[in-house]
Amino acid sequence: MELWQATGLSAACRFAKGPDAVLKLILRRIIVALPTLIILSMIIFGLQRMLPGDPIQTMMAEESDPQVVEFLREKYRLNDPLPMQYLAWVGNVLQGDFGSSLRTGIPVTEMILQKLPITVQLATMAMIMALLIGIPAGILAAVHKNSAIDYAANAVALSGMSVPNFWLGIILIMVFAVSWKILPASGYVPITQDFWLSIKSMLMPAFVLSTAVAAYLMRHTRSAMLSVLSSDYIRTARAKGLLSNAVIIRHALRNALMPIVTLATLLFGDLLAGAVLTEQIFVIPGFGKLIVDAVFTRDYAVVQGVVLFTAIGFIAMNILADVLYIVINPRLRHPQ
Amino acid sequence: MKKLVLSAMLAGLMGATAVSAADLNVALQDDPDILDPHRGNTFVGRMVFGPMCDALFDIDTSLNIVPRLVADWAWSEGDTVLTMNLRRDALFHDGTPVNGEAVKANLERALNLPESNRKAELASIASIEVLGDTQVAITLKAPDAAFLANLTDRAGMMVSPASFETAGEGGLVCAGPYKFVERIQNDRIVMEKFAEHWDADNYYFDQVVYRPIPDTTVRLANLQSGDLDIIERPAPNDMATIEGDSNLVFDIVTGLGFYGVNFNMGNGDRSQSPINQDKRLREALNLTIDRNVLNDVLGMGTYPPAYQPFSTASWAYNPEFDGGERDIERAKALMAEAGHESVSFEILYANNSAMQSLFELVQAMASEAGFNITLRPTEFAAYVDEREAGNFEVSQFGASGRIDPDGNFHRYLACGSAGNVGNYCNDELTDLLNQARVINDVDQRKALYDQAQQIAAEDLPALYFYYTPRTWAYSANLEGFVAYADGVLRLAGLKPKQ
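Protein sequences, first through last, are from chains Y and Z. First residue of the first sequence: 1, per this note's numbering; consecutive thereafter. First residue of the second sequence: 1, per this note's numbering; consecutive thereafter.
Keep in mind the hints are simulated off the structure, nothing from the lab. Computed from a prediction, not measured in an experiment: that's the story for all the values here. Cβ atoms here follow ideal geometry from the backbone N, Cα and C, with glycine treated the same way. Careful: at least some of the hints might be erroneous.
Simulated DEER-style distance windows between Cβ atoms [claimed, not checked]:
(1) 351(Z) x 43(Y): 42 to 48 angstroms
(2) 247(Z) x 51(Y): 49 to 55 angstroms
(3) 43(Y) x 201(Z): 31 to 37 angstroms
(4) 78(Y) x 135(Z): 16 to 22 angstroms
(5) 328(Z) x 80(Y): 40 to 46 angstroms
(6) 43(Y) x 126(Z): 30 to 36 angstroms
(7) 90(Y) x 199(Z): 34 to 40 angstroms
(8) 149(Y) x 296(Z): 34 to 40 angstroms
Pairs of lysine to any residue, SDA-like flavour, derived with a Cα cap of 25 angstroms [unchecked claim]:
(9) 104(Z) x 65(Y)
(10) 193(Z) x 194(Y)
(11) 193(Z) x 193(Y)
(12) 75(Y) x 193(Z)
Some chain Z residues flagged as far from chain Y (calculated, every beta-carbon gap over 10 angstroms) [stated by the list, open to error]:
(13) 64
(14) 105
(15) 227
(16) 356
(17) 383
(18) 385
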């Protein structure tokens with residue numbers, strides 16, 4: 001099976017004159033992304049070193065032994081000039097070695113691989129919930145503009161954006177785990193170990209994460225739909241006697257989807273970067289908690305590795321958005 | 001039919017959250033660092049090592065040293081040679097015996113591994129000799145009163161020599177009643193019962209899972225929901241909730257650690273401020289602090305008032321150094337005597353809600369006598385850096401506490417010691433503390449600590465506010481739970497209620 005088929009890009013490839021065009025597009029985007037990654041790696045590296053606090057002293061705290069401190073500084077090359085440290089790190093990254101955590105000694109690559117499925121599952125479930133809530137709510141609000149439905153959808157969206165995740169998380173735990181005991185209060189079960197328990201353990205955190213995303217999606221869907229619904233071709237479609245649902249779904253929504261796809265892919269990238277508070281409340285060992293702990297303990301290798309990895313994730317999401325544009329918008333299929 | 005399906009779904013959901021009686025789920029406040037007793041640094045790390053890594057010695061609830069991997073032991077005349085006979089039935093998790101060679105290899109590793117944090121605890125060792133398969137003699141350079149106490153903790157924990165290279169990154173092979181299964185950082189550390197352990201019958205859970213849950217509300221909610229069986233350090237303001245819940249049990253013992261402030265007596269320019277230069281001002285500040293208010297307001301009665309480095313759990317504690325009622329008038333008189341109507345200084349502390357509340361109260365209490373305190377909450381890594389660099393006038397002062405009194409006193413107030421960030425130095429006090437290090441007789445040591453305390457009470461290089469309570473909440477379905485002053489959970493005898 002070709003890569004373009006395996007990655008589900010078949011529709012895009014068919015429209016965009018076969019797989020070559022899409023692969024070229026992806027390749028072009030990857031090449032453009034390389035300088036971004038190089039600059040980003042310098043920024044991550046530099047910003048961390050600007051923070052006050054020494055990683056070894058922070059780690060040792062009460063047990064501080066000057067001999068051990070000096071040994072560890074040498075071991076992790078912290079006594080080298082910054083450019084040398086940077087080059088050494090980049091050299092190792094290019095060979096696939098992101099280094100090891102100062103604090104736990106666990107290789108960063110292993111940590112990323114351990115947390116990746118967790119973060120992907122949480123982000124995906126949150127995104128699915130957000131799409132299922134946000135887009136239909138946005139459509140309904142636009143179609144029934146200035147009606148009770150519109151006001152209700154707006155009120156819910158506003159709540160979704162403004163309710164603190166921490167509060168919502170605790171309330172959900174109290175209701176579903178402590179009082180009703182129908183969902184686990186916290187923790188993560190690998191999907192390969194117990195599929196249903198894994199889904200159940202992620203329901204509450206995914207819902208908490210999805211509220212704000214759904215709210216953004218609802219607001220954007222509503223405004224995009226309102227703009228499209230007032231277009232001439234929609235009036236024409238209606239005049240031709242097309243069913244209302246057909247006009248909304250097939251004609252209006254399809255055109256309104258472009259900005260929503262952009263937003264959704266960026267929000268998904270955001271979710272993949274981790275969600276500190278939600279992970280903390282539900283004790284989900286994802287990227288968010290990992291990176292925050294690493295920043296606080298000045299665990300340089302972990303911060304650098306995870307940020308670089310999430311940056312690659314964001315770039316991948318952007319490329320995915322470009323491919324989706326081709327699938328959704330016929331005008332992009334034949335750019336000539 | 002719909003009702004039937006709904007009931008089945010609910011039953012399925014509920015069934016999935018039930019906890020097996022053979023599993024024990026324990027919540028920790030933080031995620032431990034490296035899982036290697038010779039390299040580890042954190043308190044929660046000690047919690048996790050507890051069930052996995054038996055040490056040569058252990059403590060009982062009264063802090064007496066009792067044998068663990070050692071069957072019996074004897075000191076030579078002059079207390080410089082410790083001869084230990086090991087248990088003959090102790091095995092590492094890889095099946096190899098805990099013998100004299102393994103003990104020697106472990107102590108040498110703890111002494112020589114460049115990253116070992118146990119060097120200071122074992123620094124008095126001159127040589128280690130294996131006298132027989134299960135007999136080891138350790139010769140010390142000089143008597144070391146804290147030596148046995150150190151062997152009850154990480155310095156005395158035995159790791160299988162075959163796993164020396166892999167210990168730490170997840171391949172920890174020790175000789176405790178539970179063996180390491182897996183670690184997912186920030187999520188769980190799983191261990192399962194080691195059936196060949198010499199005391200296996202006294203351990204009732206097949207699997208033990210330690211889960212780091214930093215937030216106290218979340219920890220408690222998980223305990224209430226039944227997802228956890230034991231949580232450490234519940235928040236003081238949750239105590240009433242726990243005690244009011246018939247499914248839960250609250251337990252507390254006074255710990256060995258303390259919180260207070262220390263003064264910058266000689267570390268850079270900031271040691272020149274009036275509060276650091278004039279002990280009358282420090283005495284005045286001391287008189288403004290009402291420890292009982294700190295206990296009532298912050299600890300809800302769980303923060304025992306502290307006036308000295310040794311808690312009531314330690315044999316070195318001396319009630320004569322306690323007390324001192326709050327006396328604002330006397331504080332004002334001392335300030336006037338020192339030529340100050342008001343004194344300004346800054347307190348540096350790690351930014352967390354507990355320390356913020358503590359120092360806001362201190363600020364308010366001290367202001368009544370004319371102290372104008374500025375609070376400088378600082379992110380932890382920067383706080384450590386600022387303390388080391390001497391960029392503070394007065395700083396948060398805290399220690400998790402050690403079984404031997406030396407670890408609570410010498411380390412923080414002896415001249416040039418590693419934890420003495422304020423560079424306080426009194427030769428007489430240091431000499432007394434050094435003497436107390438090389439005498440094994442408890443009465444003689446206590447007399448030396450009393451003298452040292454007298455000097456510290458006059459110089460006031462630090463003020464102690466409260467002792468760290470060791471608090472626990474656990475399911476009422478458990479029995480045999482015993483809290484220890486060192487805060488480490490011991491699983492022997494702990495079992496589901498019949």
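Are all beta-carbon distances from residue 385(Z) to chain Y longer than 10 angstroms?
-> Check fails; 5 angstroms does not lie beyond 10 angstroms.
Please work out if residue 193(Z) and residue 194(Y) have their alpha carbons no farther apart than 25 angstroms.
-> 23 angstroms, holds
Say whether it holds or is violated: residue 383(Z) keeps its Cβ farther than 10 angstroms from all Cβ of chain Y.
-> Violated: least Cβ distance 8 angstroms, not greater than 10 angstroms.
For residue 78(Y) and residue 135(Z), compare the CB-CB distance with the range 16 to 22 angstroms and indicate the outcome.
-> This hint is violated: roughly 44 angstroms between Cβ atoms.
If you draw a straight line from the CA of residue 193(Z) to the CA of residue 193(Y), is it 25 angstroms or shorter?
-> 21 angstroms, holds
Could you check the hint for me, namely that residue 149(Y) and residue 296(Z) are 34 to 40 angstroms apart, CB to CB?
-> Violated, at about 54 angstroms.
Could one say that the CB atoms of residue 43(Y) and residue 126(Z) fall in the range 30 to 36 angstroms?
-> 52 angstroms, violated
Please settle this one: residue 356(Z) was flagged as non-interface, so is its CB more than 10 angstroms from every CB on chain Y?
-> 16 angstroms, holds
CA of residue 104(Z) to CA of residue 65(Y), is that 25 angstroms or under?
-> Answer holds: residue 104(Z) to residue 65(Y) is near 23 angstroms, not above 25 angstroms.
Is it correct that the beta-carbon of residue 227(Z) has no partner in chain Y closer than or equal to 10 angstroms?
-> 5 angstroms, violated
Mind verifying the non-interface call on residue 105(Z)? Its CB should be farther than 10 angstroms from each CB in chain Y.
-> Nearest chain Y Cβ is 20 angstroms from residue 105(Z), so the label holds.
Verify that the Cβ of residue 64(Z) lies farther than 10 angstroms from every Cβ atom of chain Y, and report whether the claim holds or is violated.
-> 24 angstroms, holds
Figure legend: structure checked against the earlier numbered hints; hints not met, in rising order: 1, 2, 3, 4, 5, 6, 7, 8, 12, 15, 17, 18.
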